[in-house]
Amino acid sequence: MTYRLPPHVHHRLLQGEAILLDTRTDAYLGLNRSAAVAWEVLAAGGSHDEAITALIDRFDVSTETATRDVDRLAADLVRRGLLETIDA
Amino acid sequence: MLGPATAAGMDRLPPRHSYRLYGLTLSSELPLPLPCGAGTPDVTLEPGPVPADGDLVWEIDDPIRLACHRSGDRIQLISDAVRFDVGADRIAVETRDPALAAHLVMGSVWTLVLAARGGAAIHGTVVAGNGRGVAVLGASGSGKSTAGLAMLDRGWRLAADDLLVFDDQLRVIPGPPFVRLTADRAVGREGDVDAGGKVRYFPAACSEAVPLAAIVIHVDGISGAARMLPPFEAVSILRANAYVPLPNEPSQAQRRFDLILRLAACVPIYAAPPRSLDPDWLSSLVDKGIP
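Protein chains in written order, with the working numbering: chain P, 1 to 88; chain W, 1001 to 1291.
The hints are simulated quantities; they were obtained by calculation from the structure and are not laboratory data. One or more of the hints may lead you astray.
What the hints assert, rightly or not - Where chain P lies over chain W, by a calculated footprint (3+ residues, C-beta under 8 Å):
# : segment
1 : 1185-1191
2 : 1228-1238
3 : 1259-1272
Predicted model, so just to flag it, every value in this text is computed and none were measured. Glycine is no exception: its CB is placed at the ideal position from the N, C-alpha and C atoms.
Isolated chain P, as found in the complex:
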C-alpha cells in the first residue's frame, strides 16, 4: 500500500521530530523520532513496507514491532485526513 500527502497538509522536520499542519483546521500534530522516520517515507509516496524497513534500519526494533507501529501510524494519519491511500 502507498500513500500521498493531501494538499492541505504541510510538514517540517525539527530536530528529528515531524510537525504536521492541517490547513483546513489549523491543527498541529507532532510525531516523535521513530514516527517521523516512517512519516517521511509515507509522505514521500513510499510504500508501507518501505516505511517498515526504514524503521528497522534506524531503530533497534523487530519486524513485528515495526509493522505494528507503521500500521497504527498510517491508519491514524489516514483517519485524521493527514495522509491519503492511493492503492491497496
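Since chain P is already given, all that's left is putting chain W on it; use the hints.
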C-alpha cells in the same frame, strides 16, 4: 473629524504624515506617535466610506468593542466610533475619535494589514542588548512588561512590544517606539495616556531589525527554573502566542506555521513560570548566547 473625502472638502483635509511602522512606510492623515518615514508609501491611510457589509469574522468586547467583517478581499474593522476598511496597501477610515483610530491603526488594524500582505506575527515583547534581542511571550499579566522594563532600566533598547514582526532573516522589525503600561506600572515614568487607557512610555528604542538570541515564554502551571523546550512543545506554545487575525484562512495558517517552525528551528526557546524572570539571567542569554 475624519470622514469620507469629498471634492468640496479636500482642501480642508489635514496634512499627510509619513511614518515608519514595522518596516513599512505609512502615509497617514492621522497623526501617530511613530518615527518619520520616507519614500514611496507602502500603505496609505486616508478618509473614505467604510460600509459594514461583510460577514462577521470575529468580535471582542474588551478592552474596546470591536468587530471584524469580511467581504471578498475587503476586511472591515468596526467599533462604535471608528470604522476601517483594510487592504494590503490602503486603509480607509471613518471616525469621530481620531485618538482611538490612531490607537487601533498601530495594533489591530496593522495585524490585518500584515495578514493582507502575506505576513504573520506573534504576541510579545522584545528588548535588545549588545545588538541581540530577547523575546518575552506569555498571557496578559504574566510579567512580559515587568521583565521588559527591568531590561530597559538596565540600558537595553525596545525593539517591539505587543506585535512582533520578523524579516526574512527572522530578525525582529522595530515596532512603535513605546511600551503601553497600566497606570500602576507607569508610576515614575513619563508618558501620555492613549485611547486604550494605557500610558505610552517611550524608552530608548531600536532603529534597525534585531536578531533574536532567545525566546522566553511564561507558561502557567510550571515551577522552578526556566528550561529549554523540546521541538513540538516549543511549537505548540509559540502557536498559542501567534496572532490569528483571519481565522479559517488556509494561507494564513500556512504562513503562521512556517514562521513558528522557523523560529523553533533557529532560536532557543525557554519556558519559565509567570513573573519569574531574573534580569541577570536574561542578560546571560544575550551575553553568552547559550546560558
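Comparing the hints with the structure gives:
| no. | hint | result |
| --- | --- | --- |
| 1 | 1185-1191 | violated (count 0) |
| 2 | 1228-1238 | holds (count 5) |
| 3 | 1259-1272 | holds (count 3) |
The structure shown violates just one earlier hint, number 1.
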